[in-house]
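Colleague: Those protein sequence lines, which keep their order, are chains D and S. Using our numbering, the letters of the first sequence map in sequence onto residues 1 to 158. Using our numbering, the letters of the second sequence map in sequence onto residues 1001 to 1296.
Treat the hints as calculated values from the structure; they're not laboratory data. Be aware that a few hints might be false.
Claimed, not checked - With a straight-line Cα cutoff of 20 Å, these simulated DMTMM-like cross-link-like pairs (lysine to aspartate or glutamate) come out: (1) Lys10/D with Asp52/D; (2) Lys1002/S with Asp28/D; (3) Lys1211/S with Asp1261/S; (4) Lys1002/S with Asp31/D; (5) Lys1002/S with Glu17/D; (6) Lys1174/S with Asp1261/S; (7) Lys1211/S with Asp1171/S; (8) Lys10/D with Glu29/D; (9) Lys1271/S with Asp1261/S; (10) Lys1271/S with Asp1068/S; (11) Lys1002/S with Asp52/D; (12) Lys1211/S with Asp1243/S; (13) Lys1174/S with Glu1067/S; (14) Lys10/D with Asp54/D; (15) Lys1002/S with Glu127/D.
It should be emphasised that the depicted structure is a prediction, and the values quoted were computed from it without experimental measurement.
Spelled out from the first residue to the last, the chains are:
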Amino acid sequence: MRIELTVNGKRVAHDVEPRLSLVDFLRDELDLTGTHVGCEHGVCGACSVIVDGDAVRSCLMFAVQADGAEVTTIEGVGNGPGTLSALQDAFWETHALQCGYCTPGMIIAAESLLAQNDNPSDQDIREAIEGNLCRCTGYVQIVEAIALAARNIREARS
Amino acid sequence: MKSAPFEYVRPQNLHDVCQLLSDSAIDSRVIAGGQTLVPLMAMRLARPERLVDITHVDELADIVETEDTIRIGACVRQRSAERSPVIHQHLPLLSKALPNVGHQQTRNRGTIGGSICNADPTAEIVLTAVTLGATLNLQSINGPRSVCVTDFLVDAMETSIADNECLVSIDFPKTRTKNSGCGFVEVNARASDYAIVAAAVSLTLDERHEKCTHISACIGGASSVPVMTAETQNSLLGSELTDQEIEAAVSHAARQLTPMDDVHASGMYRKRVAAELLARAIREARDDCRSDRHAH
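Can you build the whole structure from these sequences, using the hints too?
Modeller: In structure tokens:
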């Protein structure tokens, strides 16, 4: 089936099998391997991407369901190659990753939060990432990173 | 973890949906948010031959207010309902329940209607629908049919929807009056997980906010479908809902339950926790109502 969608600002058109998941489409067809495949049944959050403004699990969507949608992956959150988004920079600053496998999903979940709330409480942050598993950090520095990014974004604006 | 092959169709109107579902030669499944169906397909526990995606049918996407009800279209996402001022105003119990449903990524895709059709015994939305006495509006090639949610739910993960029927909308009776309150409490293994047991309560007090004139108190997760706690409700009608009266009343509810054992909790634990959660939900609803007294 022919699908057309926008991925990180670029129009793409592909023929796909209906059973191809969105995450496999992004990774295997578009070579956007920043989005990670974890559990493949909606438990771990590693494959989170933004579809039409909201964070979703790309393993729980078939690519055909994203026909006509606007998708942002971890490759699309910075301002171009070699640059970091405020969140990526804050993750680096606070050492919010160890193995890094969950990080793209965490950042996408946090991007979605900060787009709607630029002054989140600790509770807001924890709720935003409650669907994302991290087996290394214990989450504390991830929460710190998201709070720091929010602060940096607010300061840059004022 | 890849689904078996299937055919995918995306009808643009309800008539075409019903037409597709009426073809008994092919095993069709309706997909809306897909947050349960897609993992089931990934694990090959479900292998439909054809997916009928109803999310492009515009008439299924609305939240409509009428005089007595809020009508939620079959494709309204959980997240849209969570953010809806109309639902916040008229269905405060649903607003309280929704943040407990999955997490932001699944609520952004999952639908209110899909959760009810999935009929998971622990699902917060199913519990809310039973507590509020929702009505489901279904459509097939033979015409429309409306069914009360308690008749719709047959058993765990089983409903009375026919293979050729599509859910169109759910009618929730409006509950917010100046004398009403609601409570929703659950226990789970970790935030955002399935509830092990949950309790939902919607009640009304008299004009002076002293005596209970109506109460709907329901437990999910401790039986195959959520149960109304009739004896508890009866014993609290007309009472002042003191903590002691509530404590005594919820012991009836525990006796009514014969919950299942599973990997998450024993039946005995579910029984004990159900009574306690119900007491908390009733107190929350009572306090919610009384704290509203000056707000109106």
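Colleague: Take the hints in turn and mark each one as holding or not.
Modeller: Hint by hint, here is what the structure shows:
1. Lys10/D with Asp52/D: holds (14 Å)
2. Lys1002/S with Asp28/D: holds (14 Å)
3. Lys1211/S with Asp1261/S: violated (37 Å)
4. Lys1002/S with Asp31/D: holds (19 Å)
5. Lys1002/S with Glu17/D: Judged against 20 Å, a Cα distance of about 12 Å means the pair holds.
6. Lys1174/S with Asp1261/S: Status violated; Cα separation ~36 Å.
7. Lys1211/S with Asp1171/S: violated (28 Å)
8. Lys10/D with Glu29/D: holds (14 Å)
9. Lys1271/S with Asp1261/S: holds (10 Å)
10. Lys1271/S with Asp1068/S: violated (35 Å)
11. Lys1002/S with Asp52/D: violated (25 Å)
12. Lys1211/S with Asp1243/S: holds (13 Å)
13. Lys1174/S with Glu1067/S: Measuring from Cα to Cα gives roughly 9 Å; hence the hint holds.
14. Lys10/D with Asp54/D: Since the Cα atoms of lysine 10/D and aspartate 54/D sit roughly 18 Å apart, the hinted pair holds (cutoff 20 Å).
15. Lys1002/S with Glu127/D: It is violated: about 29 Å lies between the C-alpha atoms, which goes past 20 Å.
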